[in-house]
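J.: Two independent chains are provided; combine them into the complex using the hints.
Spelled out, the chains give:
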Amino acid sequence: MKAIREVYGEALVELAKDNDKILVLDADLSGSTKSGMFGKAYPERFFNMGIAESNMVATAAGMASCGMIPFVNTFAVFLTTLGLISARGQVCYGNLNVKFGGAYCGMSDAFDGSTHHACEDIAVMRTLPNMRVLVPSDTASSKALTRVAAELEGPVYLRLSRDVYPDLYSEDEVFEPGKGKIVRDGTDVTVVACGILVHKALEAAEKLAEEGISVRVVDMLSIKPIDRELLVRCAEETGCIVSAEEHSIYGGLGSAVAEALADAGVPVPMQFVGIQDVFTESGPYAQLLAKYGIDAEGVAVAVRKALSKKK
Amino acid sequence: MSITNARVSELEELCRKFRVDVLTAIHGIQSGHPGGSLSVCEIMTLLMQERMNLQRPDDPARDRLVLSKGHAAPMLYRNLIEKGFLPADCMGSLRRIDSLLQGHPSVHTPGVEIPAGPLGLGLSAAQGMAIALRAQGHTSRVWAILGDGELDEGCIWEAAMSAPKFGLNNLCAIVDWNGVQLDGTNDEVMPLGDLAAKWAAFGWNVIECGGHDIAALDAAMDAAEAYVNGPSVILAKTVKGKGVSFMEGKAAWHGKAIDAESFAAAMKELGGAAE
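Chains as they are written, first to last, in our numbering: chain A, 480 to 790; chain B, 13 to 287.
Just chain B, same shape as in the assembly (with noise of 0.2 Å):
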């Protein structure tokens, strides 16, 4: 069944919050990767907000995901304050000290499926969870959200060539596509070629679409669900820094800690409150 024009437009509308607020909890601790959370917005939030089974965090039979990409960790708590899991008012808390929300994900922060943050093991440990909820009957489904630059890592080719001989068909991967890491794009620091050649070839059922277009993005994880013969993977074209136009695309902001003035004219394009 495909997702309403409405309710399109209000998980748009929650995207654009929660950019605000994430941006402005990096803002304010002067640390963190604002790049590749606001790439990752859409796919997060249109995940955790209308598709996961997530009632509560304690839930053996919720869908799981593991945010592989641990640095995009404040797009996912400001998700697990939308789903009740956290204090509505910790996102002034990132990074700071005695805090529930550390700069990548701990499993101290309630929600927080699995520690991340050493790329490359979040596939392999959504691989471990597919399998441990299929042995025990459930049905949930697994999202491992993967970054792009994350695909250099070896571990992610491991778990690529062990998924699929396991037929593992309630596990999906969505690659986090913006094209740029930490020095430079893709290309320069590492091509990662023909990627969907590749993930087919490694016997993933291998879908494409825009990573920032809901719609597009909602069928694209129906087409995952409706897979049974292994595991998919989603590759999400998305733009670094997106919503933010001077951040969008530029390695510079993979992260680098916001300037005021920076700052002031993000939360103008996004109708965000400035200091």
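For reference, chain A alone in the conformation it holds in the complex (with noise of 0.2 Å):
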């Protein structure tokens, strides 16, 4: 199994064989992002613009003005700080076919410590009009979504891991935007996830299921636009939800989930699993994961939490 920045690198090489219009950014960090990959097959059509976020960002805006499909890249904490000047002033403003290719989502640059991870990111790029928000959370979702991402007109952030996540998909499934798919049924509760959430989810759901707990698993690949649909049918279906994210609980996947539901009239109990409002520390992955209580236990305790409300 790939690291989904591997996958995410061999799939921007994979699309510019029959792309002549993409072209890939990096601000000096392509041996991590794994945009370096293209660069080496693409030399002529790979761009390192050096530490300069913002400057990286407007330049593929330029780029996009004149029909090119510009992918950048960088930490995502980075992209969605330094360049958002440019995705919001520019890109998104102008509806310009800029993909954001935002690496080391979440905690997954673990050690590196809280300047490193990316936990407002999602809740940054959802609020901009035009950008679309897809977060992929296995080796098939990552390498279609960001064929997808290319063949949108206008600009889409992808959330991508540093890390290895389970498969979950075969080859072959179509990932489409605006749709969430369930990846396990039941008919206590829906955990909503995105990412490596989602495995999580399955891991808290498989461990409920002893307590004769019955959890529905989605898999919300697109956060913006969000899948409604399949949202309001949970929640009429399970009767109560909790979302899962690696982000924090304000202006996430929770905060979309809750949007849409509130907004469709069918609110129903539930509860945010996500990093609360502080800013997390170094450590190893998985032990950052469940100091903060997003690995399956957070996801049980919330699921236990939310079936406690529901009339």
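Hint data in this document are derived by calculation from the structure and do not stem from the laboratory. All C-beta atoms, glycine included, are put in the ideal place defined by N, C-alpha and C. Treat the hints with caution; some may be incorrect.
Said to hold, decoys possible - A short list of chain A residues far from chain B (calculated; beta carbon distances all over 10 Å):
| # | residue |
| --- | --- |
| 1 | Asn-534 |
| 2 | Gly-568 |
| 3 | Thr-606 |
| 4 | Leu-607 |
| 5 | Asp-651 |
| 6 | Val-780 |
Claimed, not checked - Under the rule of at most 25 Å between Cα atoms (straight-line distance), these lysine-lysine pairs were calculated in the BS3-like manner:
| # | chain 1 | residue 1 | chain 2 | residue 2 |
| --- | --- | --- | --- | --- |
| 7 | A | Lys-500 | B | Lys-177 |
| 8 | A | Lys-686 | A | Lys-770 |
| 9 | A | Lys-660 | A | Lys-789 |
| 10 | A | Lys-519 | B | Lys-177 |
| 11 | A | Lys-703 | A | Lys-660 |
| 12 | B | Lys-29 | B | Lys-249 |
T.: Dropping the structure here:
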């Protein structure tokens, strides 16, 4: 099994084979984000911008305005802070065809600590008009959503992990913007998760089944646009919802789910698994996820709490 | 080939008209940036009405103009009207509700290449265009008009560093060096130091000229086009509020609404119609 970043690097190379509009930019992290794989295969279409994220995104905006499809790459935390001024003022305002590869999402750059963790990126990117936010959860979805991003007209934020994820989907699974997927069916509660938390939710569901709790798990691969129809169906059929993400509990997947359900007029008891409005720390990845309660145990606790509030 | 005196005179007359129309629109809505629109007038008019290959706003081979100092939008809009890309009577809608003419450039306006407003991003965008056009095999040129106050932004110097790396001889930056920004002079707000030496040190072909002298600007642009080893920058010395004596060189007129008395006086100087 490959790390998601490697799957992404390969997907870029693959995309470029039949699309000469694809350009790739990086801010001196191409060895980490794996955009360097593209640079090796297509040196004339690869631009190392140095450690200059604003310049990278604004340059991509100019490229897109001339009909190219630039992918900008750096760690998600830098892309959505230093790159934000152009992401908002040029790319999204101009609805330009720039693709944002947010590498090392969540705490996946574990040992580097809070400065390198991206726990606000979904919230930041989700509020920008015209921006789509996609979060793959395994090899097949990472590969497919990279292609989806390239094929969609307009800005897309791809949230990518540094880490290895277990496989969930087959190579020929079809992924569409605006669609989530039920990866495990259940009747008592729905856990709506993204990224690594889909796997943690499946693990929790397995454990909870032993307690007689039937957990449905939804992989919300598209956070914007979100799969409102699926959310409403899950709320109606299971009566309570737990959101689970490697992101702040403010403004991310959980907020998007709550907004959709409230607006649809089907509010149900809800619990939010995520970073509880704190700065994170350095450490081994698995230990960090456990420390901040965003592992299978954290999901299980939230599920029991949501169930207790269900009428 | 140098521009003829007769053509210079025509462009000077066009600039006078543009100044009248821009001030009339800014006065009409009682909001906007007179100072920087007036200082950039000759630079932009010479490019758009004379030099650039700009027949249609959707021609992939057209030359590109990036107005990085987006607050000079009214002068851009007036030039786009002259090109026939915008309705002749739209200037009065500047900054009004439901208008095609936003306070700062938006791509909803035909002929605007890229949004501008947050300062410091235009040179990078122009660089991206220059890379894309070169990759597409077009011989088009990209012109980026920068403010001098805008040079305070770090991103400008990120792009100043990267454009020579990519050898972009189809890119030219023009600094509208009027010496005055919102809070005061460049020296008061943030001294720019030896700008020519700074750009040269970053690897740019530096050309200096007067920014209201159309023949001198034209020669500077010729020199920029002739330089093949990388990007060029024209440091154009201008006067903020140029053309209206009491606005000239005054930071107060950076973004000030024009009162009735000042407007009448300005129109008198420029030979325009007061209300």
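J.: Run every hint past the structure and note whether it holds.
T.: Here is what the structure says about each hint:
| no. | hint | result |
| --- | --- | --- |
| 1 | Asn-534 | violated (4 Å) |
| 2 | Gly-568 | violated (4 Å) |
| 3 | Thr-606 | holds (16 Å) |
| 4 | Leu-607 | holds (13 Å) |
| 5 | Asp-651 | holds (33 Å) |
| 6 | Val-780 | holds (43 Å) |
| 7 | A/Lys-500 / B/Lys-177 | holds (21 Å) |
| 8 | A/Lys-686 / A/Lys-770 | holds (19 Å) |
| 9 | A/Lys-660 / A/Lys-789 | holds (24 Å) |
| 10 | A/Lys-519 / B/Lys-177 | holds (18 Å) |
| 11 | A/Lys-703 / A/Lys-660 | holds (14 Å) |
| 12 | B/Lys-29 / B/Lys-249 | holds (22 Å) |
In summary, the structure is inconsistent with hints 1 and 2 from the numbered list given earlier, while agreeing with the others.
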